[in-house]
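S.K.: Here's the letter readout for the chains.
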Amino acid sequence: MAKNNQLTDHYFRSLNRNIILIIIIVSVIPLVLVSSTIYYQFRVAYHEKVYDHLRELVNSHAQNIDHFLQEKLSDIRFLSDSCGLNKLEDEPFLQERLAALQKDFGRDFVDLGVVNDDGVQIAYAGPFKLAKADYSDAEWFRKAIQSEYFISDVFLGLRGLPHFIIAVRNSRENGHWNLRATIDFVRFTTLVENIRLGQTGFAFILNNKGELQTTPITRPSIDIIAGKTIYTEFLAKPSVSPSEVRIAVKSDSSQQENIYAAAFLKNGDWLLVYQQRTADAFADLGKTFIITTVLMFAGLLGIIMMAFTLSRQIVQRVAKTDEEKQLMSKKVVETGKLASVGELAAGIAHEINNPVAIMVEEAGWMGDLMEEITFDESENRVEFERAIKQIQTQGKRCKEITHKLLSFARKTDATIHDVNIKELLEELVALSSQRAKYSMVEIRTDFQENLPFLRVSTSELQQVFFNLINNAIDAMDQDGGTLTISSYQKENYLVFAVSDTGTGIPEANLDRIFDPFFTTKPVGKGTGLGLSICYGVIEKMGGKLEVESTAGTGTTFLISIPLQTDANGQH
Amino acid sequence: MTPPTVMLVDDEAPFVETMTKRLGKRDLNVISAFSGQEALETLDKHHNVDVVILDVKMPGMDGIETLKKLKTAYPLTEVVMLTAHATVESAIEGMRFGAFDYLMKPCDMEQLMGKVNEATRKKRDHEEKIREAHVKEILAKRGF
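Residue numbers (the numbering used here), protein chains in the order written: chain S, 1 to 571; chain W, 1 to 144.
Do not take every clue at face value.
With a Cα cut of at most 25 angstroms, we get these calculated PhoX-like pairs of lysine-lysine [stated by the list, open to error]:
#	chain 1	residue 1	chain 2	residue 2
1	S	Lys389	W	Lys45
2	S	Lys132	S	Lys87
3	S	Lys396	W	Lys123
4	S	Lys396	W	Lys57
5	S	Lys49	W	Lys69
6	W	Lys115	W	Lys136
7	W	Lys69	S	Lys389
8	S	Lys396	W	Lys69
9	W	Lys115	S	Lys396
Rather than coming from a laboratory, the hints here were simulated on the basis of the structure.
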């Protein structure tokens, strides 16, 4: 039994484990797959979005800057075309023009100057003392005299401050003259810096040698130099179309990943670079990742908890069903045992009855013959008569046994009536009272008021009570006692208790008393069928027959009969 | 009263033989048959049988079947069923088809004799009444 329990425990433990595993696997795999797929798709889409946004931003910004430069160039060009050298040579007039430009465009223009073919500034308007300055060696001047207009890189020049120059070349009778303007470097830098995004985004401009044209105010220049290779890469491949924006992702010297977006300006001379930490650019994605992960882990936790709870409930239910099944199969075995024993008994009874009848008749015939023998009065005659009598007595005993066996298996009057249970019991008590008196047993009845009618077979119920009353009297045969028959209603059952104050049934026998042929009565006194017949009858009625016994105190049989049996009941 | 004539019907030959001897010893005229079919045939020859002692369980034609046929042909002949069955049903069924009474096997001789005598008396009373009715009818016809 202990081994069996161990096996069952092991079975339920492994069942529990399997259910938990199945629930977790079945739930977690889709959860993880769905979450990661969605996150992956979202990530890709978000990257696209961020890059697109950057591309758009850098592109429009580059156009802005280009536009700014073009505008300034146009202004200077207009000035040089419309006024001519004669007017512009006049410094007060030049001052006036600078003031007019500064009025129109804020302080974008720092100064204006007219430079002749030899590189000598012949007229100057502005805050610096640069009149008659010689630019013949300046790089910008050498480049400016080669084309109609020119925008220089940023350089320190004579004034010792970073600035850049826009120059326009015009012709006169014997050569050329140049009008140059300096653009306010701080204002230009601010224009470039305008592009700031997030916490770490900033923009700057490089010339085609990779030299910084603007210094981002917010960032130390070391970062830019560290990422220099990326700019040379950008610069190495000239842009196919002016609006093309290139994007690259690369780690810098501090092992932090940056996004670089670059577009060419000024017909490929300058490169506008926008730089931002990847973590910063994808901060929202990071947040989403954290939220997704937290949600997923919460889901996982939920699933695991649910798996444990659910599996425990299922296993408990299975265990309960199992127990019920075991109980049921025990009952089925019991019923089957009764049925097979019944059939067996009927068969044996039939077969034995006829030979016994013949034996009894033969003995009777011998008896008849003995009566004729009158001459022999010897002792033997007495013995013969005794022996014949004994054969007949024992034959009758056989008959009783076979009849009991047959009644165990017989189809009794199973017609269902409304039985007046009170009348039936009183009749039975009256029948048994004589026997009870000899055994010094007092029979008490304690029925509830208005005992209902029961729809059962009278003869079957009679048999049950008769058996129980007889057993109770037998149990008190030695010293007498009290037999109490009481009734009460419990739920939908009418319960009868038949109690005696006899010796009680030892616990070892309690399990077996309903088994056929189990008897504790002396040989010849009981067949061991009474209680199993009762059990079968009551079960057939849809009721229950139970026993409670304490050794030395007495035994109580509880008969529960359903109050209402439906029309197509089990009978 | 002339001793009753009984017919014993049972498939168990030793039983029938011993019973025949025992009943004969008690001044009964005993005729025996070992099957339902034989019983009906024998009855055709002996019209004066008062009581038939009929076993319920027999091979071939069983007791109930024999009883039905017997009662149709000889309504006045009384039948005592002898059964090894403790079934109330078969006994009740026998009574329903006109059996006088039933006894359980093995039976007590005194009990059996009692039943046989009662049945004979009943049968003869019946016959007597019929005879009286006939006599009355004849007397009425003759104008007495």
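S.K.: State for each hint whether it applies.
M.R.: Hints and how they fare:
1. S:Lys389 to W:Lys45: Answer violated: S:Lys389 to W:Lys45 is near 39 angstroms, above 25 angstroms.
2. S:Lys132 to S:Lys87: Satisfied, since the Cα-Cα distance of roughly 17 angstroms is no more than 25 angstroms.
3. S:Lys396 to W:Lys123: violated, 31 angstroms
4. S:Lys396 to W:Lys57: Satisfied, since the Cα-Cα distance of roughly 20 angstroms is no more than 25 angstroms.
5. S:Lys49 to W:Lys69: Answer violated: S:Lys49 to W:Lys69 is near 108 angstroms, above 25 angstroms.
6. W:Lys115 to W:Lys136: The hint is violated at about 31 angstroms.
7. W:Lys69 to S:Lys389: Given pair W:Lys69, S:Lys389 is violated - Cα atoms ~39 angstroms apart, limit 25 angstroms.
8. S:Lys396 to W:Lys69: Status violated; Cα separation ~33 angstroms.
9. W:Lys115 to S:Lys396: Roughly 19 angstroms separates the two Cα atoms, so the pair holds.
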